[in-house]
Amino acid sequence: EADIYQTPRYLVIGTGKKITLECSQTMGHDKMYWYQQDPGMELHLIHYSYGVNSTEKGDLSSESTVSRIRTEHFPLTLESARPSHTSQYLCASSESGGYQPQHFGDGTRLSIL
Amino acid sequence: DQQVKQNSPSLSVQEGRISILNCDYTNSMFDYFLWYKKYPAEGPTFLISISSIKDKNEDGRFTVFLNKSAKHLSLHIVPSQPGDSAVYFCAASALVNNDMRFGAGTRLTVKP
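Line order of the protein sequences matches chains A and B.
Heads up: the first sequence begins at 1 in this note's numbering, then just goes up one per residue.
Heads up: the second sequence begins at 1001 in this note's numbering, then just goes up one per residue.
Hints are supplied without guarantee of correctness; some may be wrong.
[What the hints assert, rightly or not] Capping the alpha-carbon separation at 30 Å, the derived lysine-lysine pairs in DSS-like fashion look like this: (1) B:Lys1071 / A:Lys57; (2) B:Lys1005 / B:Lys1071; (3) A:Lys31 / B:Lys1056; (4) A:Lys57 / A:Lys17; (5) A:Lys31 / B:Lys1054; (6) A:Lys31 / B:Lys1111; (7) B:Lys1111 / B:Lys1005.
Bear in mind the hints are in silico, worked out from the structure with no lab data behind them.
Just so it is clear, the structure is predicted and the values come from calculations on it, not from any experiment.
Build out the structure end to end from the sequences listed, making use of the hints.
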């Protein structure tokens, strides 16, 4: 069973606020990912990290930023939230090397008013 | 550019029957394929995978088939149970860059 946790689960907040979505995993995985998903659509990779101090942007343009100071922690930050940021955000992690599945947290459903 | 496609947004089957979920991909570099199951208000859960050196992988009631020439994979669930009702996502990645792409999902409903 994967141990990856996201907080908050739900967030409704006004435009212009700074938001940090938390993601932590207890499996010691080097690789971590952030996806954005809208209802009925595929998951889109917005950020990933292959280890501490490593962060890269995914294929979907995003105004968010990430940091990876510790192996277990991969927070995502929106400096100034807008209604277009309303979506579900999913965090995942995987082991390195070979074919490895990604394990997901339960997501944060974000609504910007 | 959607590289992984699940053309059926929904599927309904009777309990005890076979469920077949389909997935097509376009990128010939993909060599690792996965299926995830997602319940409402939860994250996707890894279900089963297959690498491109195989054409079938079985785990209990779940079997994944891969047809590399057709760039097609399918998930068979036999027998289907009401608890299998969920959204199923197909995913594919390439070992060379570990870039995983997901389909839009198929909502499976298993009726008692």
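Checked hints:
| no. | hint | result |
| --- | --- | --- |
| 1 | B:Lys1071 / A:Lys57 | holds, 28 Å |
| 2 | B:Lys1005 / B:Lys1071 | holds, 11 Å |
| 3 | A:Lys31 / B:Lys1056 | holds, 28 Å |
| 4 | A:Lys57 / A:Lys17 | holds, 22 Å |
| 5 | A:Lys31 / B:Lys1054 | holds, 26 Å |
| 6 | A:Lys31 / B:Lys1111 | violated, 39 Å |
| 7 | B:Lys1111 / B:Lys1005 | holds, 25 Å |
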